[in-house]
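*Asks:* Sequence:
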Amino acid sequence: LKSPPNQSWVSEFILLGFSSDPTTNRILFIAFLLLYLSSVLGNGLIVTLICLDMHLHTSMYFFLCILSLLDMGSVTTTMPQMLVHLLAQSQTISFAGCWLQMYMFGALGLTESIFFVVMAYDRYVAICYPPRYAVILSWGLCTWLSAGTWACGFFFFVIHTFFTMRLPYCGLACMDTNLIAMVDLVISVFMVVAPLSLIVASYIRIAQAILKIKSMQPRCKAFSICASHLTVVTFFYAPATYIYIRPNSRYSPEQDKQISLFYNVFTVLLNPVVYILRNKDIKRAFLKVMQKLGQWNKCGT
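My numbering puts the first residue of the sequence shown at 219, with every later residue one more than the last.
Note that these hints are calculated values from the structure, not bench results. Warning: the hint list may mix true and false statements.
Claimed, not checked - For lysine-lysine, the following DSSO-like pairs were computed, each having C-alpha atoms within a straight-line distance of at most 27 angstroms:
1) Lys-432 / Lys-498
2) Lys-439 / Lys-506
3) Lys-510 / Lys-498
4) Lys-439 / Lys-498
To be verified - Between beta-carbon pairs, the in silico distance windows are:
5) Ile-431 / Thr-242: 33 to 43 angstroms
6) Ala-369 / Ser-406: 16 to 26 angstroms
7) Tyr-347 / Phe-247: 43 to 53 angstroms
8) Lys-506 / Ala-314: 44 to 54 angstroms
9) Thr-266 / Asp-402: 47 to 57 angstroms
10) Leu-318 / Phe-247: 18 to 28 angstroms
11) Met-400 / Pro-349: 45 to 55 angstroms
12) Tyr-351 / Leu-259: 30 to 40 angstroms
13) Asp-402 / Cys-438: 37 to 47 angstroms
14) Tyr-351 / Leu-301: 18 to 28 angstroms
15) Ser-312 / Arg-423: 28 to 38 angstroms
16) Ala-419 / Ala-369: 19 to 29 angstroms
17) Ile-377 / Val-302: 23 to 33 angstroms
18) Leu-252 / Val-411: 11 to 21 angstroms
Everything numeric in this text was worked out from a predicted model, so none of it was measured. From the three backbone atoms N, C-alpha and C, an ideal C-beta is built for every residue, glycine too.
Build the full structure now, drawing on both the sequences and the hints.
*Replies:* This is the structure we're talking about:
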């Protein structure tokens with residue numbers, strides 16, 4: 219971090235990056251650019267298909283649309299800045315820019331963590347109370363649940379950002395960081411422990427309901443409905459648990475870079491891959507859009 223001459227406050231941070239070799243950075247730039255574009259286009263495709271196809275206007279796909287928007291926001295918060303720094307000579311970021319990026323990334327991550335609980339509740343109602351599914355998860359309730367997760371995520375991470383910004387970054391070693399450590403612990407509980415506990419509780423009830431189904435075909439269909447959500451949840455919470463819950467003695471900056479990259483980029487890319495490949499309704503909507511585009515091209519020629 220840098221501070222102006224004869225000043226005690228920090229004006230910018232130096233980003234170390236993944237490598238100091240220009241050739242390696244160019245290769246990384248191409249790889250990360252492709253990953254970023256694939257993530258944004260894949261999640262954008264899901265949002266577009268859900269908006270265009272009336273058959274997908276249900277609570278399940280409404281929640282999936284919100285998840286895709288969260289993923290696009292999360293990866294866009296960090297990836298463009300990283301791509302610029304891979305090619306630019308300057309490796310600095312302003313103090314305000316750093317904290318804005320940290321706040322947006324953390325708030326979107328916390329929102330998504332809570333939102334997975336909402337999606338688990340949706341699957342719980344669909345499997346355990348199928349006749350009342352549309353009544354229980356009305357559009358009004360879906361809207362309130364979605365707005366509530368966004369409000370909680372952005373509100374709670376304001377607290378973390380506020381306490382972190384109050385730290386003296388010049389002479390940090392002399393500062394008592396017990397308070398910020400306590401705030402981090404509370405955020406970790408809200409981000410990982412509490413949501414994951416609720417998701418596990420929901421799927422225990424779901425598994426009990428599925429095992430009571432005697433016919434094999436409906437049972438397989440019920441498992442298939444939950445498989446995509448479980449896959450995405452696993453790849454989201456596995457790195458998040460390691461980052462936020464692990465002991466301080468196992469802290470490794472280089473390892474954290476790799477895990478954070480997986481957490482930020484590959485998980486976001488995995489979501490559209492899982493839902494597009496495994497979900498018949500999404501694939502059907504995609505084929506319908508392709509057929510319409512083909513018809514329009516024929517009419518144009």
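*Asks:* Each hint: holds or not?
*Replies:* Hints, one by one, checked against the model:
no.: 1; hint: Lys-432 / Lys-498; verdict: 24 angstroms, holds
no.: 2; hint: Lys-439 / Lys-506; verdict: 23 angstroms, holds
no.: 3; hint: Lys-510 / Lys-498; verdict: 18 angstroms, holds
no.: 4; hint: Lys-439 / Lys-498; verdict: 11 angstroms, holds
no.: 5; hint: Ile-431 / Thr-242: 33 to 43 angstroms; verdict: 53 angstroms, violated
no.: 6; hint: Ala-369 / Ser-406: 16 to 26 angstroms; verdict: 20 angstroms, holds
no.: 7; hint: Tyr-347 / Phe-247: 43 to 53 angstroms; verdict: 50 angstroms, holds
no.: 8; hint: Lys-506 / Ala-314: 44 to 54 angstroms; verdict: 46 angstroms, holds
no.: 9; hint: Thr-266 / Asp-402: 47 to 57 angstroms; verdict: 38 angstroms, violated
no.: 10; hint: Leu-318 / Phe-247: 18 to 28 angstroms; verdict: 23 angstroms, holds
no.: 11; hint: Met-400 / Pro-349: 45 to 55 angstroms; verdict: 46 angstroms, holds
no.: 12; hint: Tyr-351 / Leu-259: 30 to 40 angstroms; verdict: 31 angstroms, holds
no.: 13; hint: Asp-402 / Cys-438: 37 to 47 angstroms; verdict: 42 angstroms, holds
no.: 14; hint: Tyr-351 / Leu-301: 18 to 28 angstroms; verdict: 43 angstroms, violated
no.: 15; hint: Ser-312 / Arg-423: 28 to 38 angstroms; verdict: 48 angstroms, violated
no.: 16; hint: Ala-419 / Ala-369: 19 to 29 angstroms; verdict: 23 angstroms, holds
no.: 17; hint: Ile-377 / Val-302: 23 to 33 angstroms; verdict: 30 angstroms, holds
no.: 18; hint: Leu-252 / Val-411: 11 to 21 angstroms; verdict: 35 angstroms, violated
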